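Chains as they are written, first to last, in my numbering: chain A, 225 to 583; chain B, 225 to 583.
Hints are computed from structural coordinates only; laboratory data are not their basis. Model, not experiment: these values are computed from the prediction. Be aware that a few hints might be false.
Note that identical chains are pooled: a pair holds if it fits in a single copy or bridges any two copies.
[As the list claims (entries may be wrong)] In the SDA-like style, the derived pairs of lysine to any residue whose C-alpha atoms are separated by at most 25 Å in a straight line are:
1. 509 to 565
2. 274 to 247
3. 425 to 301
4. 265 to 484
5. 487 to 266
6. 287 to 264
7. 274 to 500
8. 488 to 416
9. 274 to 566
10. 272 to 488
11. 420 to 354
12. 272 to 235
13. 272 to 480
14. 272 to 485
15. 358 to 258
Letter by letter, the chains look like this.
Protein chains: 2
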Amino acid sequence: MVVNVTHRVISPGMFIGTEDADVISFGSGQPDLAPPFDVSKVFLNFSKFKYGKICGEDELKNKLRGYVKREFGHDVSEECIAVTNGASEALDLALRMVSLRHDRKRVLLTKPCYYSYPHLARINHMMPVYTDAKINLEDVKEKSRNCDVMIVNSPANPTGDVIEKSVLRGIQEITEDNGCLLISDEVYHSLTYRGKHYSPKGDNVITINSFSKTYSLCGYRIGYVFCQDMEFIRDICDIKAHTSMNTNLLSQRVAMECLCAPKKHVVRNREIFQRRRDYIYRRVKESGFEVEKPEGAFYILPKTGDSMRMARDLFFDHKVIVYPGEWFGCPGHVRLSFALPIDKIGEGMERICEYVAKL
Amino acid sequence: MVVNVTHRVISPGMFIGTEDADVISFGSGQPDLAPPFDVSKVFLNFSKFKYGKICGEDELKNKLRGYVKREFGHDVSEECIAVTNGASEALDLALRMVSLRHDRKRVLLTKPCYYSYPHLARINHMMPVYTDAKINLEDVKEKSRNCDVMIVNSPANPTGDVIEKSVLRGIQEITEDNGCLLISDEVYHSLTYRGKHYSPKGDNVITINSFSKTYSLCGYRIGYVFCQDMEFIRDICDIKAHTSMNTNLLSQRVAMECLCAPKKHVVRNREIFQRRRDYIYRRVKESGFEVEKPEGAFYILPKTGDSMRMARDLFFDHKVIVYPGEWFGCPGHVRLSFALPIDKIGEGMERICEYVAKL
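Given these sequences and hints, build the entire structure.
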């Protein structure tokens, strides 16, 4: 891993995709578990290489339609689904469309939130407006009046919170009444440790999802977006026809295979992550940090004091990657991803405790 | 192929990725030839699935560095290269960066030009300004003063023109003097039927390239961008970290294989396309159309009169896809891609002649 040691500067881009056996990484949010099948076998006799349809291959969209009905209770036609280069492109296309179509040029985000959201707002010439991640519906009502779109993310990055079904319903109704779209980013849907995942429904809802976290396929960049408004999806694909064209066919082939794989793989992964959640929560508590128990996803967000300094010191002096809360709009906290084996979590927590003991 | 027959509306998005045995397509610009190896074999024992580096895998960038030096004479470090979801994403990221950084908000394009360019300008909140595709350096000098960036494309879509080396050098010097960036889109570099491809060089040049046309891999969406300005590439990757993350790892693996494949494949493909070029040029001339002989790429642009009507009639009544010049800024012409076998070209030309005879 080549890093700028002299300046002790850290950024997410520095950590994504890099590996070093000596470093314990609570950083990048990606499963360490394997996909549900041997990917190298998927391509036997695969010989498609020409352009595919901009909005996604028919066969995959057909399967997806059944999947979103079964898993989330959404009844959408295939014309209302677009396959994208991961959830990132889906989010970007949706915001891009909103920015070109609407005038308020404001996005309502929660604080804290996934670090890409404010950047995506800026890149799309929009301004972020914030409401507390512990949702207060009155505040959402007030602020969504002046926003084109709100983004909710449950289970949430970086808090691990799961928003109550009744609250999600409240948000949907309020935003719809205010003429504000609601983007529901549900990439952690398969990692809910209490109850069943709820996916918001309504005419103003744009749902974003991905194969990355559920099927351990982050590097293949395969996600999707759907909503009730066929025209919105068509317009998104009109943009995509110029900005990236079809989503790569190889990943679409792998995604097809995922939707055909037995569901027990997803259930087993959730159990593994739940055991890790229980373990890291106990270790973090025992280490004396104030912390909430994550209800979903694979992140825990202890209160640590000077988080930027802590993240720098841990990386440069103790070979532990943690993400400072500053990146998510919650300074004084660090985010630990627990998408790594329990023995690694244990070793990482020991290094953190050593560091803290010397402060 | 499902199309809206009642309205007789056509668009590029309608044709891309669709196939129908009855239809002769001079439409979408993609090779019909196979990639240089059996793609299904590339993935034996491939087991990477976690996030890759946003800017591209080290191994691929290392190979690319040698390739652009050897093929185009560019001396760039690996930090000056980013791997993207096709040339489309490379172009979009470059324009996006320019739009966020610069104030003039104008892009200088040639007329005619690839149909995505004006859309990419609009999507990136910029205005297109046009200069004739038969370059007049005085006009470029005048207009580039008020533009942030100019896009040149040689060999060119849709004209098949190759811009002279001296003219490309002139454009580079003029734009640099005017503080205007120069994006050189060279995706057809391997299909030049006279002389050697020339790739513009200079501190203001951003080079866009792709594996799609050279290695027949359109559907895998694998392209790249490089320039002398390391900071520009870093900033592009900072955007990409939020809008699509790493380029899919499967396609990067295939791209690696391409750079290791023997060059004779590329030479043989050029010979095949040159024979098709000679054939279609003769047939188009014999059919009585005014037309220039393409010098590169796989497009020919005859003058036909009412091109929008012709494209509609040919598709709906004669099962032939041609693209109306309107999409490229040259009404009165149609673009024929000759990326299809000679017997199909012959049959398509017969259908066109039948249609024209009845007019």
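Tested hints:
1. Taking identical chains as interchangeable, the C-alpha atoms of residue 509 and residue 565 lie at most 25 Å apart only when both belong to the same chain, with a minimum of 19 Å there against 69 Å between chains.
2. Taking CA atoms no more than 25 Å apart as the test, residue 274 paired with residue 247 passes between copies only; the shortest distance there is 16 Å, against 41 Å inside one copy.
3. In this homomeric assembly, residue 425 and residue 301 come within 25 Å of each other (Cα to Cα) only inside a single copy, at 15 Å, whereas the closest approach across copies is 49 Å.
4. In the homo-oligomer, the alpha carbons of residue 265 and residue 484 lie at most 25 Å apart both inside one protomer (15 Å) and across protomers (22 Å), since each shortest distance falls under that limit.
5. Taking the shortest alpha-carbon separations for residue 487 and residue 266, only the intra-copy value of 18 Å comes in at or below 25 Å, while the best inter-copy value is 28 Å.
6. In this assembly of identical chains, the alpha carbons of residue 287 and residue 264 lie at most 25 Å apart whether taken from the same copy (22 Å) or from different copies (23 Å).
7. In this homomeric assembly, residue 274 and residue 500 come within 25 Å of each other (Cα to Cα) only across copies, at 19 Å, whereas the closest approach inside a single copy is 43 Å.
8. Taking the shortest alpha-carbon separations for residue 488 and residue 416, only the intra-copy value of 15 Å comes in at or below 25 Å, while the best inter-copy value is 54 Å.
9. Proximity of residue 274 to residue 566 under the C-alpha cut-off of 25 Å is restricted to the inter-copy arrangement: shortest distance 19 Å between copies versus 44 Å within a copy.
10. For the identical chains of this complex, residue 272 and residue 488 are inter-copy neighbours only, at 22 Å across copies versus 30 Å inside a copy, given an alpha-carbon limit of 25 Å.
11. In the homo-oligomer, the alpha carbons of residue 420 and residue 354 never lie at most 25 Å apart, since the shortest distance is 27 Å inside one protomer and 56 Å across protomers.
12. When the C-alpha separation of residue 272 and residue 235 is checked against a cutoff of 25 Å, the pair qualifies only between copies, where the shortest distance is 23 Å, while the shortest distance within a copy is 38 Å.
13. Both within a single protomer and between protomers do residue 272 and residue 480 lie at most 25 Å apart by alpha-carbon distance, with minima of 14 Å and 18 Å respectively.
14. Proximity of residue 272 to residue 485 under the C-alpha cut-off of 25 Å is found in both arrangements, the shortest distances being 22 Å within a copy and 19 Å between copies.
15. In this homomeric assembly, residue 358 and residue 258 never come within 25 Å of each other (Cα to Cα): the closest approach is 33 Å inside a single copy and 54 Å across copies.
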